[in-house]
Amino acid sequence: MSLDDRDTIDWDAEDDRLWFHVDHRGLSIPCCIDALCLYFAFGALTLHEIDATHAYVSRRGWIHSAALGKAGRGGFERRPERPQVFVHLTARDV
1 MSLDDRDTID
11 WDAEDDRLWF
21 HVDHRGLSIP
31 CCIDALCLYF
41 AFGALTLHEI
51 DATHAYVSRR
61 GWIHSAALGK
71 AGRGGFERRP
81 ERPQVFVHLT
91 ARDV
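Residues 1 to 94, numbered by this note's numbering, are exactly what the sequence shown covers, in order.
The hints are simulated quantities; they were obtained by calculation from the structure and are not laboratory data.
Some hints here could point you the wrong way.
[Claimed, not checked] Restraint-style ranges between C-beta atoms, simulated for each label pair:
id: 1; residue 1: Val94; residue 2: Asp12; range: 11 to 21 Å
id: 2; residue 1: Leu45; residue 2: Pro83; range: 30 to 40 Å
id: 3; residue 1: Gly69; residue 2: Ile9; range: 13 to 23 Å
id: 4; residue 1: Asp16; residue 2: Arg60; range: 17 to 27 Å
id: 5; residue 1: Phe40; residue 2: Gly69; range: 14 to 24 Å
id: 6; residue 1: Arg25; residue 2: Thr46; range: 29 to 39 Å
id: 7; residue 1: Gly26; residue 2: Ile50; range: 28 to 38 Å
id: 8; residue 1: Glu14; residue 2: Ala91; range: 15 to 25 Å
id: 9; residue 1: Asp23; residue 2: Arg79; range: 20 to 30 Å
id: 10; residue 1: Ile9; residue 2: Glu77; range: 13 to 23 Å
id: 11; residue 1: Gly74; residue 2: Leu45; range: 27 to 37 Å
id: 12; residue 1: Asp93; residue 2: Thr53; range: 11 to 21 Å
id: 13; residue 1: Glu49; residue 2: Arg82; range: 13 to 23 Å
id: 14; residue 1: Glu49; residue 2: Ala91; range: 16 to 26 Å
Note that CB positions come from ideal geometry on N, CA and C, so glycine has one too.
Working from the sequences, and respecting the hints, build out all of it.
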């Protein structure tokens, strides 16, 4: 995975969440944070993509730390539509 891939975020319009990756012990872990979490905990003005993205970018370090903490505690999820385990951050996590 290149450095550019690691810093890429993707908006999931169906579930209103941003997807990103964090590095944990040499592995790239897929993570997502939902728009409600970005709104309640990180100051997004609305639940829309542009505001959620701005909130994510402005608090990226803290969000990545929270995702790594949850991964370290084994807080992974599995979904039938995703072949990989991932970390899902919600307002309950922060």
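List of violated hint numbers, smallest to largest: none
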